[in-house]
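Participant: Each chain, written out:
2 protein chains.
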Amino acid sequence: MTEKEKTTEEKKEKKPVEETVKEEKTTEAPQTQRVAQNTVFIGGKPPMNYVLAVITSLSASNAKKVTLKARGRAITTAVDTAEITRRRFIKDLKVSNISIGTEEMPAREGENRTRMVSTIEITLTKD
Amino acid sequence: MTEKEKTTEEKKEKKPVEETVKEEKTTEAPQTQRVAQNTVFIGGKPPMNYVLAVITSLSASNAKKVTLKARGRAITTAVDTAEITRRRFIKDLKVSNISIGTEEMPAREGENRTRMVSTIEITLTKD
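One line per chain: the protein sequences are A and B, in this order. For the first sequence, counting from 1, position 24 maps to 24 in this note's numbering; every step adds exactly one. For the second sequence, counting from 1, position 53 maps to 53 in this note's numbering; every step adds exactly one.
Everything labelled a hint here was simulated from the structure, so no lab data went into it. A virtual CB, placed ideally from N, CA and C, is assigned to each residue, including glycine. Any given hint might turn out to be false.
[Claimed, not checked] Which residues of chain B face chain A? A partial, calculated answer using Cβ under 8 Å:
(1) MET48
(2) SER57
(3) VAL79
(4) GLU83
(5) LEU93
(6) ILE98
(7) ILE100
(8) MET105
(9) PRO106
(10) ARG108
(11) GLU109
(12) ASN112
(13) ARG115
(14) THR123
[Said to hold, decoys possible] Reference excerpt, derived from the structure (chain A facing chain B, CB under 8 Å, subset only):
(15) ILE55
(16) ILE75
(17) GLU83
(18) SER96
(19) GLU121
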């Protein structure tokens, strides 16, 4: 195995699978080409953690738009995050789009069927 | 207190406060003037219960539109209900509108602050 292949392999392993890890992805990589499209992945932490992530991503990159993504039980947290951010912190923030969907998740250990999990995407836009 | 005032008072008291009571409101009153605007209130039961309510309300009143309303942790169930209904049962059902909001709830016993609860409304439309 060459050195390059090894690095690719490592990258694959690092790919976050759990929701709780996901939001670090956004804060880790603000220097990529996707600056214009801010995304905050919502996991199992309290809404306030994600409110902070939303505020940070809006002010740091000076972007006008941020998208919250969540699935399963974190959907409620995503709605809470959007509502707390725009009611308590950034008053001119508008909910410009909400879409829902379904994702197929691999079966848990001991189960033999893939699970269907609902997802939500909430886009917040600053005037 | 006149008889009429008494009735109004009783009505106020009957207003459902808990989520788990709410969905009965819809099934109880299909003969009111709000037939065109079907609403299913989502509570703490499994999504399948509400999927059935959505299918029933669409076929019984021959309506083209149904609105799912939920708050707090039931928001996830509302999204699940919408997704299961349109993916597994009524294929030509479209998500025509989603809106989120915040409601003030009375404080729980032992607490002295009102709680803010997130809400969601999902409107499904049949072609």
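Participant: Each of the hints needs a verdict: does it hold here or not?
Facilitator: These are the hints, each one checked on the structure:
no. : hint   : result
1   : MET48  : violated (13 Å)
2   : SER57  : violated (19 Å)
3   : VAL79  : holds (4 Å)
4   : GLU83  : holds (5 Å)
5   : LEU93  : violated (12 Å)
6   : ILE98  : holds (4 Å)
7   : ILE100 : holds (5 Å)
8   : MET105 : violated (13 Å)
9   : PRO106 : violated (18 Å)
10  : ARG108 : violated (17 Å)
11  : GLU109 : violated (23 Å)
12  : ASN112 : violated (19 Å)
13  : ARG115 : violated (12 Å)
14  : THR123 : violated (11 Å)
15  : ILE55  : violated (18 Å)
16  : ILE75  : holds (5 Å)
17  : GLU83  : holds (5 Å)
18  : SER96  : violated (12 Å)
19  : GLU121 : violated (10 Å)
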